[in-house]
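Student: Below, each chain spelled out in residue letters.
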Amino acid sequence: MTDYLDVRSVSKSFGGLRALDDCSFSIEQNKSTCLVGPNGAGKTTIFNVITGFVGPDQGSIHFRGRPLNGLTPRQIIRGGIARTFQNLRLFGEMTALENVIVYLSGDTASGPVAALARPFHTHAELKRRRERAHLLLAEVGLAHKAADTVQNLSFGQQKLLCIARALATGAELLLLDEPTAGLSQAALTAMVDMVHRLRERGHTLLVVEHNTKIVQKIADQIIFLHQGRTVTQGPPGTILADPKLAEIYFGGVLNP
Amino acid sequence: MLFLQLLIDGLVSGCAVGLVAISFSLIYATTRVFHVAHAGLYTLGGYIAWYASTQGLPFVLACVLGVLVTTAAGALIQRQLYETLERRAATPLVMLIASLGALAMLQNGIAILFTPNILQFPNPWRTQIVSLAGVSLSYAQILVAVAGVLVFCGLLCVSRYTQLGLRIRAVASNPFLAEITRMRPRAVYVHVMMIGSGIVALAGILVGLDQAMQPYTGILMLLTATIAVIAGGIGSLTGAFTVSIALSVLQNIALVVMPGRWSIAATFGLFILFILVKPEGLFRKR
Amino acid sequence: MTFILSYFILATIFSIAALSTNLLVGVIGIFSVSQAAIFGVGAYTVALLTLGQTLPFALALVAATLLCALLNMALALPSLRVAGDYFVVTSFGCQLVMTAVFINWATLTGGASGLVGIPSPSLFGLSADDSPAFLAVAGSVLAVACAGFWLLMRSPFGMTIHAIRLDELAVAAAGRDVLRCKLSVSAISGAYAGAAGGLYASYLSFIDPTSFDLHVSILILTMLVVGGARTLAGSLIGPFLLLALPQALALIAIPSTIAGPVRQFIYGALLIAFMLFRPQGIAGRRL
Chain A
1 MTDYLDVRSV
11 SKSFGGLRAL
21 DDCSFSIEQN
31 KSTCLVGPNG
41 AGKTTIFNVI
51 TGFVGPDQGS
61 IHFRGRPLNG
71 LTPRQIIRGG
81 IARTFQNLRL
91 FGEMTALENV
101 IVYLSGDTAS
111 GPVAALARPF
121 HTHAELKRRR
131 ERAHLLLAEV
141 GLAHKAADTV
151 QNLSFGQQKL
161 LCIARALATG
171 AELLLLDEPT
181 AGLSQAALTA
191 MVDMVHRLRE
201 RGHTLLVVEH
211 NTKIVQKIAD
221 QIIFLHQGRT
231 VTQGPPGTIL
241 ADPKLAEIYF
251 GGVLNP
Chain B
257 MLFLQLLIDG
267 LVSGCAVGLV
277 AISFSLIYAT
287 TRVFHVAHAG
297 LYTLGGYIAW
307 YASTQGLPFV
317 LACVLGVLVT
327 TAAGALIQRQ
337 LYETLERRAA
347 TPLVMLIASL
357 GALAMLQNGI
367 AILFTPNILQ
377 FPNPWRTQIV
387 SLAGVSLSYA
397 QILVAVAGVL
407 VFCGLLCVSR
417 YTQLGLRIRA
427 VASNPFLAEI
437 TRMRPRAVYV
447 HVMMIGSGIV
457 ALAGILVGLD
467 QAMQPYTGIL
477 MLLTATIAVI
487 AGGIGSLTGA
497 FTVSIALSVL
507 QNIALVVMPG
517 RWSIAATFGL
527 FILFILVKPE
537 GLFRKR
Chain C
543 MTFILSYFIL
553 ATIFSIAALS
563 TNLLVGVIGI
573 FSVSQAAIFG
583 VGAYTVALLT
593 LGQTLPFALA
603 LVAATLLCAL
613 LNMALALPSL
623 RVAGDYFVVT
633 SFGCQLVMTA
643 VFINWATLTG
653 GASGLVGIPS
663 PSLFGLSADD
673 SPAFLAVAGS
683 VLAVACAGFW
693 LLMRSPFGMT
703 IHAIRLDELA
713 VAAAGRDVLR
723 CKLSVSAISG
733 AYAGAAGGLY
743 ASYLSFIDPT
753 SFDLHVSILI
763 LTMLVVGGAR
773 TLAGSLIGPF
783 LLLALPQALA
793 LIAIPSTIAG
803 PVRQFIYGAL
813 LIAFMLFRPQ
823 GIAGRRL
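Protein chains in written order, with the numbering used here: chain A, 1 to 256; chain B, 257 to 542; chain C, 543 to 829.
Keep in mind that the hints are not guaranteed to be accurate.
As the list claims (entries may be wrong) - Covered by chain B, per the in silico footprint, the following chain C stretches (three or more residues, Cβ under 8 Å):
| hint | segment |
| --- | --- |
| 1 | 641 to 651 |
| 2 | 792 to 804 |
To be verified - Partial list, derived from the structure: chain B residues whose beta carbon lies under 8 Å from chain C:
| hint | residue |
| --- | --- |
| 3 | V350 |
| 4 | P372 |
| 5 | L388 |
| 6 | V391 |
| 7 | Y395 |
| 8 | L422 |
| 9 | G516 |
| 10 | I520 |
| 11 | F524 |
Quick caveat, the hints were computed from the structure, so don't treat them as lab data.
As the structure is a prediction and not an experimental result, all values here were calculated from the model.
Positions of the beta carbon are idealized from the N, C-alpha and C atoms, including for glycine.
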């Protein structure tokens, strides 16, 4: 089976700091893979490299067989990869609906010329986008919050909004950066359900996750990063029971 | 020996630009605020010293007074304006607009209190000339060069060898970390503003002595200085000072082929070329 | 009566300039002090094209609008490509260099003495020589400008540029071309400033470099800050209020030599005051 996303020997340094060191891993389509590892292991950096925000010093990334090196973030997103941010980066003053609309893919009437020269067409297009955005919010369970500004959403709702935005791009492969961090128990359950639903709809997920209980619930496969390289990858049962990894991660034993 | 004269003149005026550049660089690298009001403080220093001179104070004392008043003004702007805005999480745009407002108040306040027209220092050093090997320099020019080099070296020493310098560099490199490790970045910002304002006041005084005083020329000087800061690499004092001198020398030598009124256009053109080709600066610090 | 008309006409012209600044500074959040420079290019373009009877006013205005759109975009491009505060330097540089060009390229611009005898607009033989007619012309252009602004704000593009101000990186992560959006806004902003400048030249029939220097940029910026960003109302209130200021000041006996500096001092104070106490201006949204 050809690898869906293939990270090959990627290295990246920032000044003196070697964030990624000959990092390699691959993930399969329509599976949910968790990226685990201590802080500073390079998880967010690999996200930045995959999505084209940062160029690798060495190595390459292949998505569905095609190399991503040298592509702009815009091209990569249109190619089917979207990500969420650890610190959310929602548009604070805008409503949930507007946040999603900005992320909607599609070039019809998105430029200034259309806005000025074809106002009726643009108005119709905006209406269509509002509808699409509503549907996406409904998918993540936020339809009732569409008109609320981001500040009026709970933290759990804000995180779901991030997912809605990523879905809006139409991407197949979703990179989720710590989607459950800081969530209450109820919000956690909602997020885990969300992850399962995404996989059922045919998305492939690569999720940075620290919470081992969550990892067990959502991961088909785990990739363990440490100091910028892949220590190991495999099914959750094996990885989480390995005392050597527990040593690196916790200095103790992971409770399965 | 016109060429040599122009070269020497360029080296001298480069020292003045260099003072503006290193002081701006210090403030910008540490506080991240694009402090355009710096041009107003440059002007303020000159006028305070001028006023003191006309009231009979000897030049050195007038200088000291100018530097002190401007240092206080800089501290005031930092504490009352920038810090207040920063506490409210103001965007860089808001800070810039506020700084621009401060610039407008300073320049025009000076024009109202004194005069919008040109003033001269009541001091003959501008006209007293020293000639050496076919090149002539006024006392004022010698003072600019000496002060420029001394202050530059002094600032470099403070930055590298003193506790304050260390704190400044720490805050500059990671303000967030500095905050949580109790380095009190806000206090450092005030120190940095004071040092920077003092230096730029000196530049304003010496240039005023060497040429003339006018309330609105500060921004032109600051533009050249910020171009030098960027070209030299933000965060590098050596880069800022060196490129200031290089730019001034180039500007002066270009006078052979181009009228002086186009200097700023040529300098700016060079800047645009520069950011197209090597935007991160010639002397990378970070 | 002519005096009131004159005030209204100038306020109308500066409202168009304020809209220009509103788009760049208010909506997309790019600091600019070069609006007067572009305003000036518009003015000189219309002046030169109509003085030699080369083009009728309407076409000259269109030419000025297009030229300024392209110019603003070209000037913005190098520094927008690079992150950080480079744009601030570029903006100041633009303004100061343009002023130098207006003063020194005397064969084109008439130098420090400026250009005189710029004809009033005429259409199909009807001339807008008198103030009410010119107000109609300026008012029409303002109406078009307002309509354009309103349409932009209510479009998908408008939503995107609002988001760019809030978090540029997040907009890039949405797959949008942030640079292209900024350049588009630069172009439209330039077009507005150029149109305003063209009207200005035609109305006053005499222009010189002092009308387009840094002080005027600060004035226009103050209009935006006082009126308020990101709303139509803000771009109208600001100019009307600030152009009334000189009249209010005339009630106090200020020597003419420092009248200019006094006004500019007040603009500076207004900028600081509004940033500290009312960043949304009178009728706008928070900057």
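Student: Each of the hints needs a verdict: does it hold here or not?
Tutor: Here is what the structure says about each hint:
Here's how the segment 641 to 651 of chain C fares: 4 of its residues keep a CB closer than 8 Å to some CB of chain B, so the rule of at least three is met and the hint holds. Figure legend: the segment 792 to 804 of chain C, annotated as covered by chain B; annotation consistent (5 residues with Cβ-Cβ distances under 8 Å, at least 3 required). Against a cut-off of 8 Å between C-beta atoms, the interface hint on V350(B) holds, since the closest Cβ of chain C lies about 5 Å away. Given the 8 Å rule on beta carbons, the hint for P372(B) holds: about 6 Å separates it from the nearest Cβ of chain C.
The beta carbon of L388(B) comes no nearer than 34 Å to any beta carbon in chain C, farther than 8 Å, and the hint placing it at the interface is violated. Violation of the interface hint for V391(B) is found here, the shortest Cβ-Cβ separation to chain C being roughly 29 Å, above the 8 Å cut-off. At about 31 Å, the closest approach between the beta carbon of Y395(B) and any beta carbon in chain C exceeds 8 Å, and the interface hint on this residue is violated. The beta carbon of L422(B) is not positioned within 8 Å of any beta carbon in chain C (closest approach about 25 Å), and the interface hint is therefore violated.
Because the smallest distance between the Cβ of G516(B) and any Cβ of chain C comes to about 10 Å, over 8 Å, the interface hint for this residue is violated. Interface restraint check for I520(B): the shortest CB-CB distance to chain C comes to about 6 Å, inside 8 Å, so the restraint holds. For the restraint placing F524(B) at the interface with chain C, the shortest Cβ-Cβ distance is roughly 4 Å, inside the 8 Å limit, so the hint holds.
Going down the numbered hints, you'll see the structure goes against 5, 6, 7, 8, 9, while the others check out.
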